[in-house]
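Engineer: As a plain string of letters, each chain reads:
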Amino acid sequence: MPWLIELLKAIGLAVVIFTFLAVVAAMLGVYLERKISGWIQARLGPKHIGPQGLLQTVADTVKLLQKEHITPRHADALIFNVAPVIVAVAALLDWVVIPFGKLGDRVLVVRDINIGVLYFAAMASVTVVGIIAGGWSSNNKYALLGGLRSASQMISYEIPLALGILWAAMVAGTLSTVGIVDAQVRQGSWFMFKLPSPIGWFGLPFGILASLTFLTAATAEVNRVPFDLPEAESELVAGYFAEYTGMRFALFQLGEYGEMFGMAAVATIMFFGGWTEPHLQPYMWLLVTLGCLVVAAVILTTGLRQTLLVRPILMLAGLGLLLSLVMFFGTRAGLSQVLPSLMWFLAKMFALVFFLMWMRWTYPRLRLDQLLTLSWKVLLPLGLLNLLATGFVLTVWGR
Amino acid sequence: MPKVLLDWFYVAVFAVVGTLMAVLPLVVVWLLAPRADLPQKTITYESGVIPFGQAWAQFNVRYYLFALVFVVFDVEVIYLYPWAVVFRQLGTFAFAEMLLFLLVLLVGLAYAWRKGALEWV
Amino acid sequence: MGELAAFMILSLVTLIPAVVVVTSSNIVRAALSLVPTFLGVTGLYVMLQAEFVAGIQVLIYAGAITVLILFVIMLTEGGTGVRTRQLNDQVPLGAMAAVWLAFVLIVIFTRTGWPTAAGVLPAYNVVAVGNAFLSDYVLIFEVTSVVLLVSLVGAIVIARRED
Chain A
1 MPWLIELLKA
11 IGLAVVIFTF
21 LAVVAAMLGV
31 YLERKISGWI
41 QARLGPKHIG
51 PQGLLQTVAD
61 TVKLLQKEHI
71 TPRHADALIF
81 NVAPVIVAVA
91 ALLDWVVIPF
101 GKLGDRVLVV
111 RDINIGVLYF
121 AAMASVTVVG
131 IIAGGWSSNN
141 KYALLGGLRS
151 ASQMISYEIP
161 LALGILWAAM
171 VAGTLSTVGI
181 VDAQVRQGSW
191 FMFKLPSPIG
201 WFGLPFGILA
211 SLTFLTAATA
221 EVNRVPFDLP
231 EAESELVAGY
241 FAEYTGMRFA
251 LFQLGEYGEM
261 FGMAAVATIM
271 FFGGWTEPHL
281 QPYMWLLVTL
291 GCLVVAAVIL
301 TTGLRQTLLV
311 RPILMLAGLG
321 LLLSLVMFFG
331 TRAGLSQVLP
341 SLMWFLAKMF
351 ALVFFLMWMR
361 WTYPRLRLDQ
371 LLTLSWKVLL
381 PLGLLNLLAT
391 GFVLTVWGR
Chain B
1 MPKVLLDWFY
11 VAVFAVVGTL
21 MAVLPLVVVW
31 LLAPRADLPQ
41 KTITYESGVI
51 PFGQAWAQFN
61 VRYYLFALVF
71 VVFDVEVIYL
81 YPWAVVFRQL
91 GTFAFAEMLL
101 FLLVLLVGLA
111 YAWRKGALEW
121 V
Chain C
1 MGELAAFMIL
11 SLVTLIPAVV
21 VVTSSNIVRA
31 ALSLVPTFLG
41 VTGLYVMLQA
51 EFVAGIQVLI
61 YAGAITVLIL
71 FVIMLTEGGT
81 GVRTRQLNDQ
91 VPLGAMAAVW
101 LAFVLIVIFT
111 RTGWPTAAGV
121 LPAYNVVAVG
131 NAFLSDYVLI
141 FEVTSVVLLV
151 SLVGAIVIAR
161 RED
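Protein chains in written order, with full-length UniProt numbering: chain A, 1 to 399; chain B, 1 to 121; chain C, 1 to 163.
Rather than coming from a laboratory, the hints here were simulated on the basis of the structure. Some clues are possibly wrong.
[Said to hold, decoys possible] When the alpha-carbon atoms are kept at most 30 Å apart in a straight line, the in silico DSSO-like pairs for lysine-lysine are as follows:
{"#": "1", "chain 1": "B", "residue 1": "K41", "chain 2": "A", "residue 2": "K67"}
{"#": "2", "chain 1": "A", "residue 1": "K67", "chain 2": "A", "residue 2": "K141"}
{"#": "3", "chain 1": "A", "residue 1": "K47", "chain 2": "A", "residue 2": "K63"}
{"#": "4", "chain 1": "B", "residue 1": "K115", "chain 2": "A", "residue 2": "K377"}
{"#": "5", "chain 1": "A", "residue 1": "K47", "chain 2": "A", "residue 2": "K67"}
{"#": "6", "chain 1": "B", "residue 1": "K41", "chain 2": "A", "residue 2": "K141"}
{"#": "7", "chain 1": "A", "residue 1": "K194", "chain 2": "A", "residue 2": "K377"}
{"#": "8", "chain 1": "A", "residue 1": "K9", "chain 2": "B", "residue 2": "K3"}
{"#": "9", "chain 1": "A", "residue 1": "K141", "chain 2": "A", "residue 2": "K63"}
{"#": "10", "chain 1": "B", "residue 1": "K41", "chain 2": "A", "residue 2": "K63"}
Just so it is clear, the structure is predicted and the values come from calculations on it, not from any experiment.
Using the sequences provided together with the hints, build the complete structure.
Structural biologist: Here is the structure:
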């Protein structure tokens, strides 16, 4: 029976993707967050549990599994229990449309839904309901206020998020995620840098504006600094999840980190070519190799040898060296796809996640009114103008 | 089965399996975690003091105004989705139509801005 | 057969929370029960292969309208979870009106000749919808923008008048 096979495939993929989310987004993501924030703050992150502290989040998860679930009195128990599940499931459902790579002719995506990015935006909006439900059902003034403010912030940034998505959909001519990547393949360059043919590099400002709008809105959607006032640890006592203990709290975090990785994945798909390899001339890869060697030499020989970041930077320089050497020889040899597409997708996604984490420890937290002003008075008009300007350019000069 | 139905069938299965897998750790906790039902533990947290007053925020119309402006602009965005996909095939006329649509709504945004509907304080 | 099963499940997912919405005495629970109702309707749209409408149903209804309703409820006294009275003196009159309406609707449903042949659905909905409202239905599209403007202005006027 064909539908049984499809059902089993769907269940299998759901388990795989959920595990991927739980391991990569939640566990690895939290570990990376702690390590990277440590390095930015001139300290080491977790380092005792497991090699280089890699098992830290595993230990945390095991700990959380034994914590008692406390339900506050007079809380609405049904809604209190359902809210974290809504947030976690909405984050999981985001990942149905995200393509991980291409094996031969097959695209590695769960389902290439025709309305791909619209579906992604819709799942991001469902999370808000879960947050309001969580905040209200705790029967706690702080949680309620935190939940309402968080919801106000998230809905305010959904429009710029949609405008960023619309820009990419407009240039690609389709809403499907695989279609957007294919359009970039047809064009031969990524949407961030170039627009389709006669326009070429003149599309750079539009691309930068659109991707910045999207990334800013994405940061606000997942309640990360600089937009994390609703869950500010020092102000509202973790806001809408103040009354959540143990694993329920972990589910909220799973939802938040899963959605952050989802936003990074969609941003790589829309603006950075998804799983495609950067097509640079061989000499440019040689320049990258040279750059990595220079960085390594500078670190090892000058006074910077004493800083805390020696090992991470050397590691990154070494990886960069290896990558560019492989790419150099690969493109010289005329291979069309030197490294697997899955690797490129993950590398780009993690680079964006690193960028988001870097932003967290660089900018101070915005006040709620500054945050809402940024969304409604800056990003919304700019996003609309960008859309109209790109539309104009595409209509008049495009094909 | 048509592609559309199969796509969304996968989404439905994902939702169900996701819910089950999200509930799984909660079940594990229910099995493993200790349960000591002390009355002090269930008191609402209010920075260490005994909570007073009802747990609802004073009515403030600004939350409602933001949600309202959001709904109107969300409806505008759903008109933008099909336009973004087809407007290149339809030429300049389609672009002009959407320009008119957006101008009318920008008037609305300007009105909301002037009337202070977008202020938080 | 599978289609019937899917339809039954989706109808239950739509109707049972809808009954909860109408009868629950806790307003917040009633508002939150709207979400499964909307998701059930989304499923019904998907069964009709109207993908785009399903997507915007989730985006607008479950995402925006529910949030709007919840904001209003939580900021008023209903947000405290206070139980409201569901029955009052007008119950007999209301029941009579409901029964009469149900009777009229059943008569209409059984007497209409519903066409059983489905039309041909375009393969890619979004393109079809876009083409439609940018060429055939332009006037309606532009009037919609005016309707949105009017609703925005009107609601702001009403909300601000209470300051």
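Engineer: Work down the list of hints and note, for each, if the structure agrees.
Structural biologist: Taking the hints in turn, this is what the structure says about them:
no.	hint	result
1	B:K41 - A:K67	holds, 13 Å
2	A:K67 - A:K141	holds, 24 Å
3	A:K47 - A:K63	holds, 18 Å
4	B:K115 - A:K377	holds, 13 Å
5	A:K47 - A:K67	holds, 24 Å
6	B:K41 - A:K141	holds, 17 Å
7	A:K194 - A:K377	holds, 27 Å
8	A:K9 - B:K3	holds, 15 Å
9	A:K141 - A:K63	holds, 28 Å
10	B:K41 - A:K63	holds, 19 Å
Violated hints are absent here; each numbered hint is respected by the structure.
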